[in-house]
Structures are given as structure tokens and as C-alpha cells.
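Below are the chains, spelled out letter by letter.
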Amino acid sequence: MIVLIVLLLVLLILILFLFFKIKKIQKDNILLRQQLLLSQLNPHFVFNSLSAIQSFMFRSEAHLGSKYLASFAKLTRLILENSRTQLCSIEQEINTITHYLELQQLRFDNKFSYKIVVDDILDKSMILIPPMLTQPFIENSIEHGFIHMSEEGLLTVSFKASGPKHILIEIEDNGIGIELGKTQLMTNGEKYKSLATKITRERIEGIRKSMGLKVELNIIDLSKENPQKHGTLVTMRIPINHG
Amino acid sequence: MVNAVIIDDETKVREVLVLLLRNYCPNVHVIGQANSVKTGYEVIVKSNPNLVLLDMQLSDGNGFDLLRKFSSISFGLIIITAYQEYAIRAFKYSAIDYLLKPIDPIELSNAIDKLSKTSENNLINQQFEALLANTESKNPPDKKIVLKTIDEIHVINTSEIIRCEAHNNQTTFIIQDYETVTVSKTLKEYEDLLSEDGFVRCHQTHLVNKKHVKDKNYIPVLSFTMSNGDIVPISYRKKFLLKKLA
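For the record, the sequence lines run as chains A and B. Under the numbering used here, the first residue of the first sequence carries the number 13, and numbering increases by one thereafter. Under the numbering used here, the first residue of the second sequence carries the number 34, and numbering increases by one thereafter.
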């Protein structure tokens, strides 16, 4: 009898424990999603982009103005859509990145150009990835990597196959490099902590917990490998999900 | 004629400001532009403008970094910002005008009109000093608030404000050892601003400083007695404050 009661109690505790653990994961997920949404709809990006669009109106360049306004609307819609789903196709991801980059080019007066490269063997419409993992790093390249450069920046985002089961996303820029970028952002001697890296690491952890998808993130300052080069390379290796 | 300098790290925003000023504020003449703390300082020193339109986010720092380079200022100041909660609060305390991006042309011309009316330098500098004092450290011991009336400026330590009272859309400040000051802003605005300095809205028309609440009364109505002897009513909805304060 006593054994039965103890057993029941243990079972009850176990159930309660699991229940709260699941609750916590769900809560973390919601928090993460909110953070992600905020980092993608970064107020500085949003309102400065709108200001840039406003400038076309005052110069009576209605065509360009409405082109960028449409781009802005499409990007906002895609980001809102992405915030509801855990996976999107490479095609949709490229769409989102393209609108984002177009608006950033407008904001930064074409201080940089970009390339998006996709391996032919990848089925763009069927392979699914967590949306906008690349965005915080693209933002860093543009807002910190290129900003102090006199020559034009080049940003390359590539989607490559990596073995039979993985996809490799690379974000490479020829900016000042992450090490120098960090020292320039030092405030009062305090070392700058990259928000992009922090948010992405948390998100990768969340993706692992909720979907069992293990994303490997690597950030390399290119000058460390070859002193003649400068820039940052971010790589993310993701197990393939097929829609 | 107002000579203006525009400091913003976004080229397109500077462009749009030039165009807005040309269209809506024809008496403003843009004499210089800059995109950073360093170049902004140089342009101001070199061209001695009457008006500076300053963005909070610059390529090598922020608007505060630039303002701290001056010990006093001889120009009107309008802050421009995309979004910066902390910064906006600081400017509200100093009653310095700020505009949010994208800029509303009417708000811009209103802000410039207002500035040209209070163009006396020592007034601007009082606001400026309060701003610098408040932003020197995260939690300044004596936070200052600037109260701007039609023809005067009062710089007050928030700890010396006993209470605020609403009259229509105006707010009257009752201040320790100081004259009564009435400002044409709503009590709600000051409630939002001063809530982090220990001010509590106890009634539709009253905002009290917790530090100055001396006693509570139940008869004839629920009320607080303040440090200067004023009796302030408490609305029934806020009666829980009786337990929390005094």
C-alpha cells in the first residue's frame, strides 16, 4: 500500500515537473519570438527607412518613392509572416533578405552592393530553414562593417549544400572586420557585446529545444586568417528540413 | 533669418530635412551639415548657427556626446530621433523639443516657431544645464525638471516639488520655498514623466510627491496632508494609496 502511494506521489511530481518544463519552454519561445520580431523590425531601421522614403516625396520622385514604399510593405509583411512560423523556404528567405537589403542600400546611399548566391543543386522552394537567422549579421555588416569605410562595401549571402544532409549559409563582407568593429563601438572602455550574436545564439538554443534542429554558428574575422584581407565571415550549418 | 545646422548620420534624413525646411520654414537657412559627433562639433564652432537640428544616433557616438563638448550653447536645439526611450525622457525633463522620424512638417515648423519666440540665450542655457546635469550619471541625486511658462523658465529639483494640480489643460506646480508655477501641459504628461521620481496620481486633478506626504485623513474626505500643510483629496478608486503612503 505504502509503496503504491509513494509511487503515485513520484509519478505526480514527475508529471508536474514535466508540465512546468513544457510551460517554461513555451514561454521562452514566445519571448524569443518577440525579441526576434523586435530585432528585425528594429525601430532605427524602420523609421530611418520611412524618412528616406519621405525624401522622394519632397523631391517629387513619386516612382522611386512608391517602389521603396512597396518594398517596405513587402518586407514588413514577410517579417510578420515569419514570426508566426518556425520554418520558411529558401526562396522566401531570399525574398525577405532582398527587400531588406534594398531598403538598407537606400538608407546608406548605395555605400555597398550585395550578391545572393544559391547552389544549383538546392531546391529553393522545398528546402526549409528557420527564417531570418541571417538578418542580425547582415545588419551588423552594413551598420558597423561598412560605415567607416571609404571604398564600396560588398556583402555576399550564399546558400550552399554541405554534405547530403546539411545546408550552409554564409554571410561574408569586406568591411572593417568584427574585431575592429567591436573596439569602435566600445563605450567608456566597456567592451561591446554584439546583440546580433547574443540574439542569434539564444534563438539557435530555442530552435534546438523546440524542434531538435542543431544549428552550428561560426564567426570569423577574415584578417585573422589572412592579414591582407579584411571583413567578417559568418557561417551557419543547418540540418535540412524538406517541405 | 535663422541659420541652421543639420547633424544626422543618415544622408537621406539630412536631405529630407533640407527639403522640409525649404518648403515649410522659408526663414530658415541651412548653413552646414554633419554626420558625426566630431564633424558636428566642428561645423557648430565654425559656423555659429542659431539653430541645430540634432539626431541622437550619430556614426561615432550619440547626440549627448556632442552636446557635452559645449559648456554653454548659443543656439536653439531641436532633437531628432527614430526611437530612443531613454533619450526622449531626458529631453522631456529639460523641456527641449524633439521630433520623431519620419518628420511631420507641421511639428517641425511649430518647433521652430516656438524656438524663435524664446531665443534668449540664457533661457536656452538653463535648459541645457539641466539636461547635462540629468544625464551626467544614470541616477543623479538631484534630478532637475525645466518648467517653461510663456515668458519664463524655471529649473526645479524634482525632490522639491510638493504636488501638482490640474486646471483644464494646464498644470500648476506647488514647490517647496518657491513660487507657484503654471505650465500649459496636461497633468497626464507630468504623471508619466515623474512617476519614476516617486510621484503618484491620487486624484483626477492631483499628483503628489510621496516624499512630501506627511499624514492621511479619513474625515471629512479621504485626503493627504502635505509637508506644506496643503490638503489633497484622494479619489475612492485610489484609496489603496492610504495604506502605501503616509
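No lab work stands behind these hints, which were simulated from the structure alone. Just so we're clear, the structure is a prediction, and the values are computed from it rather than from any experiment. Do not take every clue at face value.
To be verified - In the SDA-like style, the derived pairs of lysine to any residue whose C-alpha atoms are separated by at most 25 Å in a straight line are: (1) A:Lys-221 <-> A:Leu-49; (2) B:Lys-71 <-> A:Phe-70; (3) B:Lys-45 <-> A:Phe-70; (4) B:Lys-102 <-> A:Gln-196; (5) A:Lys-86 <-> B:His-200; (6) B:Lys-147 <-> B:Gln-66; (7) B:Lys-271 <-> B:Ser-256; (8) A:Lys-194 <-> B:Lys-147; (9) A:Lys-194 <-> B:His-200; (10) A:Lys-241 <-> A:Gln-98; (11) B:Lys-45 <-> A:Met-161; (12) A:Lys-172 <-> A:Ile-133; (13) B:Lys-71 <-> A:Lys-221; (14) A:Lys-123 <-> B:Gln-66; (15) A:Lys-210 <-> B:Glu-118; (16) B:Lys-71 <-> A:Lys-241; (17) B:Lys-181 <-> B:His-200; (18) B:Lys-71 <-> A:Lys-172; (19) B:Lys-125 <-> A:Lys-241; (20) A:Lys-123 <-> B:Lys-102; (21) B:Lys-45 <-> A:Glu-164; (22) A:Lys-194 <-> B:Ser-92; (23) A:Lys-123 <-> B:Met-34.
Stated by the list, open to error - Which residues of chain A face chain B? A few of them, derived with a C-beta cut under 8 Å, are: (24) Gln-117; (25) Arg-119; (26) Ile-232; (27) Pro-251.
To be verified - Chain B stretches covered by chain A per the calculated footprint, using a threshold of three residues with CB under 8 Å from any CB of chain A: (28) 45-52; (29) 162-169.
Ideal placement from N, C-alpha and C gives every residue a C-beta, glycine not left out.
Structure-based check of all given hints:
Restraint check for Lys-221 (chain A) and Leu-49 (chain A): the C-alpha separation of about 19 Å stays at or below 25 Å, so the hint holds. For the given pair, Lys-71 (chain B) sits about 29 Å from Phe-70 (chain A) by alpha-carbon distance, which is inconsistent with the 25 Å threshold. As the CA atoms of Lys-45 (chain B) and Phe-70 (chain A) are separated by approximately 11 Å, the hinted pair is consistent with the 25 Å bound. For the hint pairing Lys-102 (chain B) with Gln-196 (chain A), the CA-to-CA distance comes to about 19 Å; that is within 25 Å, so the pair holds.
At roughly 47 Å between alpha-carbon atoms, Lys-86 (chain A) and His-200 (chain B) are farther apart than 25 Å, so this suggested pair is violated. With a CA separation close to 22 Å, the supplied pair Lys-147 (chain B) and Gln-66 (chain B) stays within the 25 Å bound. With a C-alpha separation of about 11 Å, the suggested pairing of Lys-271 (chain B) with Ser-256 (chain B) holds against the 25 Å cut-off. Distance check on the hinted pair: Lys-194 (chain A) and Lys-147 (chain B) sit about 41 Å apart at the alpha-carbon level, beyond 25 Å; violated.
Annotation: proposed proximity of Lys-194 (chain A) to His-200 (chain B) is violated, straight-line Cα distance about 52 Å (limit 25 Å). Restraint check: the Cα-Cα separation between Lys-241 (chain A) and Gln-98 (chain A) comes to about 36 Å, which exceeds 25 Å; the hinted pair is violated. Distance hint between Lys-45 (chain B) and Met-161 (chain A) is fulfilled; the C-alpha atoms sit about 18 Å from each other, no more than 25 Å. The straight-line distance between the Cα atoms of Lys-172 (chain A) and Ile-133 (chain A) is roughly 9 Å, inside the 25 Å bound, and the hint therefore holds.
Between Lys-71 (chain B) and Lys-221 (chain A) the CA atoms are separated by roughly 47 Å; this puts the pair beyond 25 Å, and the hint is violated. A distance of roughly 19 Å separates the Cα atoms of Lys-123 (chain A) and Gln-66 (chain B); the hinted pair therefore holds under the 25 Å criterion. For the hint linking Lys-210 (chain A) to Glu-118 (chain B), the alpha-carbon distance of about 22 Å falls within 25 Å, and the restraint holds. Restraint check for Lys-71 (chain B) and Lys-241 (chain A): not satisfied, since their Cα atoms lie roughly 29 Å apart, outside the 25 Å limit.
A threshold of 25 Å between alpha carbons decides the hint, and for Lys-181 (chain B) with His-200 (chain B) the separation of about 16 Å falls inside it, so the pair holds. For a cut-off of 25 Å, the pair hint linking Lys-71 (chain B) to Lys-172 (chain A) is broken: about 43 Å separates their Cα positions. With a CA separation close to 47 Å, the supplied pair Lys-125 (chain B) and Lys-241 (chain A) exceeds the 25 Å bound. Distance hint between Lys-123 (chain A) and Lys-102 (chain B) is unfulfilled; the C-alpha atoms sit about 30 Å from each other, more than 25 Å.
The hinted pair formed by Lys-45 (chain B) and Glu-164 (chain A) meets the criterion: a straight-line CA distance of about 18 Å does not exceed 25 Å. A distance of roughly 14 Å separates the Cα atoms of Lys-194 (chain A) and Ser-92 (chain B); the hinted pair therefore holds under the 25 Å criterion. With a CA separation close to 35 Å, the supplied pair Lys-123 (chain A) and Met-34 (chain B) exceeds the 25 Å bound. A hinted interface residue such as Gln-117 (chain A) counts as satisfied when its beta carbon comes closer than 8 Å to some beta carbon of chain B; here the least separation is about 11 Å, so the hint is violated.
Given the 8 Å rule on beta carbons, the hint for Arg-119 (chain A) holds: about 6 Å separates it from the nearest Cβ of chain B. With a least beta-carbon distance of about 25 Å to chain B, the hint placing Ile-232 (chain A) at the interface is violated under the 8 Å criterion. Evaluation of the Pro-251 (chain A) hint against chain B yields a violated restraint, the C-beta minimum of about 37 Å exceeding 8 Å. With 5 residues having a beta carbon nearer than 8 Å to a beta carbon of chain A, the stretch 45-52 of chain B meets the requirement of three or more and the stated coverage holds.
Here the stretch 162-169 of chain B counts 0 residues with a CB under 8 Å from a CB of chain A, which misses the bar of 3, and the coverage is violated.
The structure fails to meet hints 2, 5, 8, 9, 10, 13, 16, 18, 19, 20, 23, 24, 26, 27 and 29 from the earlier list, while all remaining hints are met.
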